[in-house]
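Number of protein chains: 2
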Amino acid sequence: MSSSKNPSSSLHEKAGISPPEITNVAAINQIKKNRRQQPSSAELIDGILNGNITSLSRAITLVESTNPEHTAKANEVINGCLPHANKSIRIGITGVPGVGKSTFIEAFGSFLTQLGKKVAVLAVDPSSSLSHGSILGDKTRMEELVKDENAFIRPSASGDTLGGVARKTRESIILCEAAGFDTIIIETVGVGQSETAVHSMVDFFLLLKISGAGDELQGIKRGIMEMADAIVINKADGDNIKKANQAKLEFNRALHLFPPKKSNWQPKVTTCSAITKDGISEIWDTISQYFVQTNESGFFPEKRKEQNQFWMMETINEQLKLNFYNQPEIISQLEQNKKAVQNDEISPFTAAQSLLSVYFKK
Amino acid sequence: MSSSKNPSSSLHEKAGISPPEITNVAAINQIKKNRRQQPSSAELIDGILNGNITSLSRAITLVESTNPEHTAKANEVINGCLPHANKSIRIGITGVPGVGKSTFIEAFGSFLTQLGKKVAVLAVDPSSSLSHGSILGDKTRMEELVKDENAFIRPSASGDTLGGVARKTRESIILCEAAGFDTIIIETVGVGQSETAVHSMVDFFLLLKISGAGDELQGIKRGIMEMADAIVINKADGDNIKKANQAKLEFNRALHLFPPKKSNWQPKVTTCSAITKDGISEIWDTISQYFVQTNESGFFPEKRKEQNQFWMMETINEQLKLNFYNQPEIISQLEQNKKAVQNDEISPFTAAQSLLSVYFKK
Chain V
1 MSSSKNPSSS LHEKAGISPP EITNVAAINQ IKKNRRQQPS SAELIDGILN GNITSLSRAI
61 TLVESTNPEH TAKANEVING CLPHANKSIR IGITGVPGVG KSTFIEAFGS FLTQLGKKVA
121 VLAVDPSSSL SHGSILGDKT RMEELVKDEN AFIRPSASGD TLGGVARKTR ESIILCEAAG
181 FDTIIIETVG VGQSETAVHS MVDFFLLLKI SGAGDELQGI KRGIMEMADA IVINKADGDN
241 IKKANQAKLE FNRALHLFPP KKSNWQPKVT TCSAITKDGI SEIWDTISQY FVQTNESGFF
301 PEKRKEQNQF WMMETINEQL KLNFYNQPEI ISQLEQNKKA VQNDEISPFT AAQSLLSVYF
361 KK
Chain Z
1 MSSSKNPSSS LHEKAGISPP EITNVAAINQ IKKNRRQQPS SAELIDGILN GNITSLSRAI
61 TLVESTNPEH TAKANEVING CLPHANKSIR IGITGVPGVG KSTFIEAFGS FLTQLGKKVA
121 VLAVDPSSSL SHGSILGDKT RMEELVKDEN AFIRPSASGD TLGGVARKTR ESIILCEAAG
181 FDTIIIETVG VGQSETAVHS MVDFFLLLKI SGAGDELQGI KRGIMEMADA IVINKADGDN
241 IKKANQAKLE FNRALHLFPP KKSNWQPKVT TCSAITKDGI SEIWDTISQY FVQTNESGFF
301 PEKRKEQNQF WMMETINEQL KLNFYNQPEI ISQLEQNKKA VQNDEISPFT AAQSLLSVYF
361 KK
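Note that the protein sequences, when read in sequence, are chains V and Z. Residue 50 in the numbering used here sits at position 50 of the first sequence, and the numbers go up by one each step. Residue 199 in the numbering used here sits at position 199 of the second sequence, and the numbers go up by one each step.
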């Protein structure tokens, strides 16, 4: 193809009157001006407690910021919201790509808002900073829910570490709950340890599966099945119904092999279709039943307390390690110590002690 | 019962000539004198490399000591032994009390020494400091092996933390290997996280079970089955044979449900009797097969390198936490922060940050 202009070509456009602006410049300037006027933390708290979605979004943006000033402000907002959070059920949903997580959340979330629930959908996806939002990034996959005024959808925070992403999501949960969302859905994909992180911040953990050919249970990541409070076999429609029921049997048999959970909850296996909506209401029945049972036994509030404490300790441990491994003296010696240990030149304990004495001598 | 002496009682013993000492006082004094003359670390290394069991025992005692002087000397000995360790196979054995671990190790260990192997049996049992040695404490349960000159049995080190006990056992492995023991058996019971610790220090992990009535798989601790390279159903003799074979079938089916291991090793289920010795040689065949397969694939040496590195990092993390939580300022503030976090008065992250800023300001 030639890149030179050909004036006789019909593709050549004659100079003429500019088309009218398709956007309202005055309105844009007003929006920009409003953006510059950052509300105070008191204003944000007030807005959130009044269910203002703009305040909620702004506060989450502060939580996600790496700017220390924003972090300080975010902490003020979170601590102001805390006494008003906690009245909710937090549901973790995991499943490998292709299992239909987005369509399931769309169907399940819409079902819940029709029940009068207010549903917030968040995500933990540490890979999203690389892939620029693989899950929930494309809100168009939740067409109905995104327009629903009783639903709030927010893509995964980005961050270098799972710990960072998890912290941001956990703080966002508090903000959503203070804004009146009573059902929090946390989506995750099986990347690294993200399921474990999500499991530590939710009340109920749901594993989404589809039926495949042959052995249904192969390929489930270690430990995931032990975490599940429910396994839902999605896409149980049309020709798939028979296979889905077969998969349900297999999963039930497999779950039976695990020791009883601390919650005394017997995990349930059900089938559903995000298209025909079959089985969607049963999932909510299961979760409600879990909520009642574990509240009666006292497990539910106890688990939340434990989770709070877990996140405090986890943050401390992470920061201690971060500080240690970021010291220039440690960085310069760590690799050679690792190599010496790998090659059995010094014992792991001597190597650790030598690094620790460098660190604590400072 | 009266405590006053009754001279007319036949229980009254008349004064007479003392019976001869049943112990040789001169010999005892010689032993005590020898004990006081602690050998140097060079002498210990030399003794260990020559297969001297007294040197080995003394070095392990140094490893287990909490005296900092002993620790320094122990480190010298370990680092001197390291280049001569590593030529072995390390086998972890776990199973709940009653499964017959001691009799199994007695039978298996004796089988191995008859093959010309040198077998060291160590243990990780963090509960032993409370119960004063619940496993391996009673050497009489391994009557044959304890007299075998090609076997070395050492009860679990005691310690306040699993980390401490695990470190001591791991260092003892190095010493045993340097002393020429080529098969190291590490026994553990399902207390806390002790299986995970043992799994991180062995090449091959064996789960010992017995067949019971009904569902064989219930009651297995979470994660244990995923760690196992072999499951051995013990006490498969007499009337038990049929039940043991049934259990074997069930375990085989259950193992099939797990995803493939990183080692590409397909875990084996066998039955055995520590009494009739049936199945004992098959267990060694399985372990040998694992050894060949994972050496050929390179997994075996790679795993050992990873384990070395793991223990270095683990020691660092443990020490960082220990230092943090032992600061008087942290101790005095931790409990109130925990409580505030549990009651949702402050967020876990704010609580962590406030403790961290106290710690790092020092």
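Simulated from the structure, these hints should not be mistaken for lab results. Hints are not guaranteed to be accurate.
Copies of the same chain look alike in the list, so a pair counts if it works inside one copy or between any two.
27 Å max Cα-Cα, derived DSS-like pairs, lysine-lysine [said to hold, decoys possible]: (1) K248 <-> K339; (2) K361 <-> K243; (3) K339 <-> K262; (4) K147 <-> K262; (5) K303 <-> K87; (6) K339 <-> K303.
Model, not experiment: these values are computed from the prediction.
Structure-based check of each hint:
1. Proximity of K248 to K339 under the C-alpha cut-off of 27 Å is found in neither arrangement, the shortest distances being 48 Å within a copy and 42 Å between copies.
2. Taking the shortest Cα distances, K361 and K243 never come within 27 Å of each other, neither inside one copy (64 Å) nor across copies (61 Å).
3. In this assembly of identical chains, the alpha carbons of K339 and K262 lie at most 27 Å apart only when taken from different copies (23 Å versus 42 Å within one copy).
4. Taking the closest pair of Cα atoms, K147 and K262 never come within 27 Å of each other, the shortest separation being 39 Å inside a single copy and 45 Å across copies.
5. In this assembly of identical chains, the alpha carbons of K303 and K87 lie at most 27 Å apart only when taken from the same copy (14 Å versus 46 Å across copies).
6. In this assembly of identical chains, the alpha carbons of K339 and K303 lie at most 27 Å apart only when taken from different copies (14 Å versus 42 Å within one copy).
In this structure, the earlier hints numbered 1, 2, 4 are contradicted, and the remaining ones agree with it.
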